[in-house]
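> So the sequences go chain by chain: A and B. The numbers in the first sequence follow the numbering used here, run straight up by one, and end at 155. The numbers in the second sequence follow the numbering used here, run straight up by one, and end at 235.
Because the hints were derived from the structure by calculation, they are not lab data. Please note that the accuracy of each hint is not assured.
As the list claims (entries may be wrong) - Below, computed lysine-lysine pairings styled on BS3-like, alpha-carbon distance capped at 30 Å:
| no. | chain 1 | residue 1 | chain 2 | residue 2 |
| --- | --- | --- | --- | --- |
| 1 | B | K204 | A | K107 |
| 2 | B | K196 | A | K40 |
| 3 | B | K9 | B | K54 |
| 4 | B | K80 | B | K29 |
| 5 | B | K184 | B | K207 |
| 6 | B | K24 | B | K40 |
| 7 | A | K40 | B | K198 |
| 8 | A | K40 | A | K145 |
| 9 | A | K40 | A | K107 |
As the list claims (entries may be wrong) - Chain B side only, calculated, beta carbon under 7 Å to chain A, not exhaustive:
| no. | residue |
| --- | --- |
| 10 | F116 |
| 11 | N120 |
| 12 | V137 |
| 13 | G138 |
| 14 | H140 |
| 15 | E145 |
| 16 | G148 |
For clarity, every value in this text was computed on a predicted model and none was experimentally measured. In this text, a Cβ means the ideal position worked out from N, Cα and C, and glycines have one as well.
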Amino acid sequence: MAVEKVKENVKEVLERYGYNSARMIEILQDLQDIYSYLPKEVLEEVANTLELPLARVYHIATFFRAFSLLPRGKHVVQVCTGTACHVKGAYRVLERLSDVLGIPAGKTTKDLQFTLETVNCVGACALGPLVIVDDKYYGHMTPSKVDSLIEEYRE
Amino acid sequence: MAELTIDGKKVVSRPGETILQVAKRYGIKIPNLCHHDEVKPYTACRLCLVEIKKGKRTKIVTSCDYPAEEGLEVKTSNEKIEKSRKMLMELYLSRCPNLPVIQKMAEEMGVKEPRFEKENEDCILCGLCVRVCSEVVGRHALGYESRGPERRVVPPFDEPNPLCISCGACTYVCPVDVIPIEEKDGYRIMERWHKKSKLVACEKCGKYFATEEEIEWLKEMGLPEDKAKLCMDCR
Ligand code: SF4
Ligand code: FES
Ligand code: FES
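Using the sequences plus the hints, can you model the full thing?
Spelled out as structure tokens, the structure:
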């Protein structure tokens, strides 16, 4: 990872939030948007610039599921496992996705094409079980619909 | 200074003391796992619960952060408190069934086999090591990772941390004694944090007395160069 570029990106994002460490979540979110995950070098640069212990930044970055410290796939497949989706069979959908992609939830395929994740209720319960690929919502999912859904995105 | 009673006994607190601290000074035992006088209260273990009576009202509070106020009537135990302590011990015992300190505490409270599924963790997440490192040593080398069942205490990325000076303060405060520290072949090794630090010998007597990082730290804290080369005995 190019050190100069990291410094530049971090500086730009920190400026956006006035170097205010109370806005750490937004800061990390914006940085994750750039890299699709939070590289170690980025967290170190944030800690150094804000003069915060790295241990603190690391805690925040690992505390929220929305952050990933490992590279994520080109496509992020999220299965809602909130109560409503759960009751409607989200786990069977998740299982099928796991099989098709060959990875458990929370992991990324070796070719960096897909990351599989679970999320909590996203407020679209009527559509459950819900799967979100990148930013697109797929409602009323069933295990049998999983294969064709993934094929749409696979390269 | 305030006068209060603990289990009917009159005690006098010093300024700033908590109930737990006064009790300790008077030899009154209150179970606890996350308290240390050198660091701020954290109220993580919940074992130090006591009942306090202020005027007519009673309530249950954690004694490690509750100030020893004038006129309090403190009871270190009652049925409700015992019940929650036992429940907590059962949870600790199922999380860490192989820790002697936990086994012993559980036994003393009459807790035998936990009803919950046993894990084999060795850290009770009291946070004492994290707090001593940041509040006392001032290095912030340790912290938490994740949350919920995955929560653990690690140096960032669970990798050797340059901020760690291998001072062993964490080893010293860990209530369940799971942070080993070892000196071997001129190095001090803190396995839990993957840290290996070179030891420095005293210029006068030749005994190893500190790690390189500790000496750097002492100098930063203002210890003169020539003194930093000597062990405590020769200084
Ligand atoms: S390692 Fe020891 S001191 Fe640190 S949090 Fe765990 S039990 Fe507490
Ligand atoms: S539970 Fe899935 S959207 Fe609400
Ligand atoms: S000692 Fe008070 S909560 Fe742990």
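> Next, verify each hint and record whether it holds.
Comparing the hints with the structure gives:
For the given pair, K204(B) sits about 56 Å from K107(A) by alpha-carbon distance, which is inconsistent with the 30 Å threshold. Between the alpha carbons of K196(B) and K40(A) the distance comes to roughly 22 Å, so the proposed pair stays at or under 30 Å and holds. Between K9(B) and K54(B) the CA atoms are separated by roughly 16 Å; this keeps the pair inside 30 Å, and the hint holds. Taken as a hint, the K80(B) and K29(B) pair is honoured in the structure, with Cα atoms around 17 Å apart against an allowance of 30 Å.
For the hint linking K184(B) to K207(B), the alpha-carbon distance of about 13 Å falls within 30 Å, and the restraint holds. With a C-alpha separation of about 16 Å, the suggested pairing of K24(B) with K40(B) holds against the 30 Å cut-off. Only pairs whose Cα atoms come within 30 Å are accepted, and K40(A) paired with K198(B) is accepted, the gap being roughly 26 Å. Proximity of K40(A) to K145(A) is assessed by CA-CA distance (about 37 Å); at most 30 Å being required, the pair is judged violated.
Under the criterion of a C-alpha separation no larger than 30 Å, the hint pairing K40(A) with K107(A) is consistent with the structure, at around 18 Å. Taken as an interface hint, F116(B) does not check out: its beta carbon lies about 23 Å from the nearest beta carbon of chain A, beyond 7 Å. Interface hint status for N120(B): violated, as the beta-carbon distance to the closest one in chain A is roughly 22 Å, over 7 Å. For V137(B), the interface hint is violated, the least distance from its beta-carbon to any beta-carbon of chain A being 12 Å, above 7 Å.
Taken as an interface hint, G138(B) does not check out: its beta carbon lies about 10 Å from the nearest beta carbon of chain A, beyond 7 Å. The beta carbon of H140(B) comes within 3 Å of a beta carbon in chain A, closer than 7 Å, and the hint placing it at the interface holds. A distance limit of 7 Å between C-beta atoms decides the matter here; for E145(B) the minimum to chain A is near 5 Å, and the interface restraint holds. Contact between G148(B) and chain A, as hinted, is not supported at the beta carbon level, the nearest pair being about 10 Å apart and thus beyond 7 Å.
Taken one by one, the earlier hints fail for this structure at numbers 1, 8, 10, 11, 12, 13, 16, listed in ascending order.
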